[in-house]
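Modelling step: build the complete structure from the supplied sequences, incorporating the hints.
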Amino acid sequence: MSNQFIFSLISGIFIGGVAGYLGSLMLSKRMALVGDALGHVALPGMGLALLFGLDVSFGAFLFLLLGIFLIWLFEIKTSLPMEALVGIVFVASLAIGFLIVPEPELLEALLGDISKVSFEMAIASIIFSLLIFLVINRIYPKMILASVSEDLAKSEGIKIKKENFIYLLSIAAMVALGVKIVGSLLVGALVIIPAATARNLSKNLKEYYLGSVVLGILSCLFGSLLFKLTGLPAGPLIILTSTFFFLISLILKR
Amino acid sequence: MGKGIVLKVENLNVELGGERILENLSFEVKEGEVLTILGPNGAGKTVLLKTLLGLLPYKGKIEWTPPTHHPEKIKIGYVPQRLPFIKDIPMSVGEFFKLKEASEKETKEIFNSIGLKDYNPPTTSSHSSLRSERAPDILEKKIGNLSSGQFQRILVGWALIGNPQVLLFDEPTTGIDIGGQESIYELLEKLRKEKSLTILLVTHDLSIVYKLATNCLCLNKKMLCYSIPKELTSERLSELYGGKIKFYQHSHE
Numbered sequence: 002m003s004n005q006f007i008f009s010l011i012s013g014i015f016i017g018g019v020a021g022y023l024g025s026l027m028l029s030k031r032m033a034l035v036g037d038a039l040g041h042v043a044l045p046g047m048g049l050a051l052l053f054g055l056d057v058s059f060g061a062f063l064f065l066l067l068g069i070f071l072i073w074l075f076e077i078k079t080s081l082p083m084e085a086l087v088g089i090v091f092v093a094s095l096a097i098g099f100l101i102v103p104e105p106e107l108l109e110a111l112l113g114d115i116s117k118v119s120f121e122m123a124i125a126s127i128i129f130s131l132l133i134f135l136v137i138n139r140i141y142p143k144m145i146l147a148s149v150s151e152d153l154a155k156s157e158g159i160k161i162k163k164e165n166f167i168y169l170l171s172i173a174a175m176v177a178l179g180v181k182i183v184g185s186l187l188v189g190a191l192v193i194i195p196a197a198t199a200r201n202l203s204k205n206l207k208e209y210y211l212g213s214v215v216l217g218i219l220s221c222l223f224g225s226l227l228f229k230l231t232g233l234p235a236g237p238l239i240i241l242t243s244t245f246f247f248l249i250s251l252i253l254k255r
Numbered sequence: 114m115g116k117g118i119v120l121k122v123e124n125l126n127v128e129l130g131g132e133r134i135l136e137n138l139s140f141e142v143k144e145g146e147v148l149t150i151l152g153p154n155g156a157g158k159t160v161l162l163k164t165l166l167g168l169l170p171y172k173g174k175i176e177w178t179p180p181t182h183h184p185e186k187i188k189i190g191y192v193p194q195r196l197p198f199i200k201d202i203p204m205s206v207g208e209f210f211k212l213k214e215a216s217e218k219e220t221k222e223i224f225n226s227i228g229l230k231d232y233n234p235p236t237t238s239s240h241s242s243l244r245s246e247r248a249p250d251i252l253e254k255k256i257g258n259l260s261s262g263q264f265q266r267i268l269v270g271w272a273l274i275g276n277p278q279v280l281l282f283d284e285p286t287t288g289i290d291i292g293g294q295e296s297i298y299e300l301l302e303k304l305r306k307e308k309s310l311t312i313l314l315v316t317h318d319l320s321i322v323y324k325l326a327t328n329c330l331c332l333n334k335k336m337l338c339y340s341i342p343k344e345l346t347s348e349r350l351s352e353l354y355g356g357k358i359k360f361y362q363h364s365h366e
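So the sequences go chain by chain: A and B.
Residues 2 to 255 (the numbering used here) make up the first sequence, in order.
Residues 114 to 366 (the numbering used here) make up the second sequence, in order.
Read the hints as simulated data drawn from the structure, not as lab findings.
Nothing false has been slipped in among the hints.
Straight-line alpha carbon distances no greater than 25 Å define the calculated BS3-like cross-link-like pairs of lysine-lysine that follow:
1. A/Lys30 x B/Lys254
2. B/Lys221 x B/Lys254
3. B/Lys188 x A/Lys162
4. B/Lys172 x B/Lys188
5. B/Lys200 x A/Lys143
6. B/Lys172 x A/Lys162
Covered by chain B, per the in silico footprint, the following chain A stretches (three or more residues, Cβ under 8 Å):
7. 144-158
8. 207-221
The beta carbon of each residue, even a glycine, is placed where N, CA and C say it ideally should be.
Pasting the structure below:
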């Protein structure tokens, strides 16, 4: 096994684990498709980063911040549901992405490429994954209560707006990391499928989030190994591994 | 014993999305009282509770004063009308209590006072040899698998975490059978006595008003009446609900 592949594997394990963890919260908050939408918002940033030889996650994160800011701004200006606004920003980003990303880089941005992960990138992935994990861990119980009932959470003195803001930033950071592994098209699946599988299998919260983390890690691990064996693109293999676990969970569902 | 005023509302007005929901409401609630809030659908009952909790913007005055036996800051427990999403999240009863940082000791005490003991009663068999197969601890049960009566009690219990002096209840018996309703109200009455709670209760159920309430507030955007339950006549009720409503005061033997 080459050093490079080990860097890819380690990045994948950390990013997959934290994606699963965050996904369990997003599924509880009925935001299963937000990861998908934001993955597309990241596309122009990834394209620019590839053009200028920067890290794709960095470019993605800048565009995600911009996208979230626009959604927030639109929400103040209209009473349209958040979903519609996210939809508008996401297709606009996609269109811009297709225009500015040159064709050879486009496929890489859409599907990800783990074969370029360097030592420094792996270290950065580990640090950022752990940071996101700590932040989510801190807001987790509050967000769960808010997803049960915002009124109940507010009556407990939880500052919903502030917590939501931290939560959205975590999602943006997570998506920025995830696009590196599975690309902008599939990052939503990286976040949501492990959580959906864990929900089928768990009877309490602890099993649910631990299960999501473990399934996220296993999907990235086995998906990357399959990539090594077959030479097919890693992103789709990771997501298909994840989907395979989901199908098994349907049989074992409790 | 002189009873202090716990809640004082003066000229309360609430507007949501340009529509006026509550108009010039003024009333007081004394320590240990049970105030029922009656009114048709859309009368603003839930809005009133939420406003009292500080969840909605309002004009006018809402003044909470801690009761004399609890000199510290006022604590309010809230039982919302519905929690449609809670069953989407795999969560055990114990985990739900931990969201509010309830200690194990407190959780145990609350479970005793809401009438859900730590363990489910042994079901069919009374043979002690089979008892070793313990029924699952209620704290480990998944919230989604509770009966609606149990769930309601859990919500009441949850509102009691942190020892509130006031409880706000929004239609506590929606979706519960009659037997379950009776026991919820018995529970409220018991808690009121045990913990000298002040209770504000939104309901459609007039029998509760007669049984439990010390005062009732009839609401249809404006306050139509504020009285003791005995003075709640059918004329007043038909004015409130618009239509002919008869309610006979009667006792079950």
